[in-house]
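Asker: The numbering used here numbers the first residue of the sequence shown as 1 and each following residue consecutively.
Treat the hints as calculated values from the structure; they're not laboratory data.
Positions of the beta carbon are idealized from the N, C-alpha and C atoms, including for glycine.
Keep in mind that a hint or two might mislead.
As the list claims (entries may be wrong) - Listed next, with one range per pair, are the computed distances between beta-carbon atoms:
1. V16 with S81: 49 to 55 Å
2. G22 with R269: 54 to 60 Å
3. H124 with P250: 52 to 58 Å
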Amino acid sequence: MGHVVDAVRSGPTMAVVARMAGVSVPTVSKVVNGREGVATATRDRVTAALKQVGYLREPSTPADQRGSGRLVDVVMHGLRSTYASNVLGGIEAAAREIGLDVVVAASDAELGSRESPAGGWLDHLIDRGTGGVLLVLVETTSAQHEWLTHFGIPCVIVDPITTPPPGVPTVAASNEKGAYDVTRHLLDLGHERIAHIGGSPPKLCSKARLSGYRTALNEAGIELRSDYVLDGNFHEPEAITAMHQLLDLPEPPTAVFAASDLMAVGACRAIRARGLEVGRDISVAGFDDVDEARVTYPALTTVRQPLIDMGRVGLDLLARRMRGEEITGHTELPTELVIRESTVRRH
């Protein structure tokens, strides 16, 4: 039976499972990796076939009986970023204190293996017999969470991208309050024409930061201008394009709040490319306080996310769930406004 399981995992007998269930190989792949887009009856047939060939185990025992009970999987998007290194620093510190072993993996999207039958993060961590999974900036599906539940694997989400399933604990920074604070700072400097380069509109943090920006303007009696709100999708090149669009307006802004430091750096590059000076001609502020914010010139005013603490708290909540505690709800950690030279009083 073990030989058959290996064959299914390596690919060739995926077709056997598909024939047994009367479906296509891509459908089997979706079920294996907990993807959406499979009808319940079809998923049940595929699951039955997978069990028949020995691919699926029965639901696990509690986490403290899974292997050593010390293994935790961290699945994260963007492992090479400053954001990731800070969050991972908090996770690793907490894991050492608690006595857990951590395996870190890139999300499917980063690996480019979204349709890989056995290449998904879900398949790998179930195969390892993990005691729990910490998801960081990873978009998940309800089917994937159902699979985690099936295998008795507790889960915690740090910085959720979309609304999580009921009962899954989440940890994030106070995105709306941070955006409000930095916009309020620009208003206090005398700026009224304040633009916003946002992140990806569907993401929870993007919505929250836009909301904080809007609330600060409303309280100041300033009407939100649609031509002052553009999406940079958390990418520097798109932020550069957005900043050029703002500078081309008949009445360009005197200040810009970008929803990430990386986009703020892009905005600064666009401003300098026009022969203008950041701070003197246009104030720029970001969000995150990653290393780039401190070393760019002029140093960037930004909102500091408690990234290390987010990692620590997320791992601690996961460890408690692994011990059988009923942990639910959302934990919001405070942000801090960091004022530097990129924002100055309006002349």
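Asker: Given the hint of 54 to 60 Å, check if G22 and R269 actually sit that far apart at their C-beta atoms.
Answerer: Once the Cβ atoms are compared, 55 Å apart, the range 54 to 60 Å for R269 and G22 holds.
Asker: Okay, V16 versus S81 on CB: inside 49 to 55 Å?
Answerer: violated (41 Å)
Asker: Mind checking the hinted window 52 to 58 Å against the Cβ distance between H124 and P250?
Answerer: holds (54 Å)
Of the numbered hints listed earlier, the single one contradicted by the structure is hint 1.
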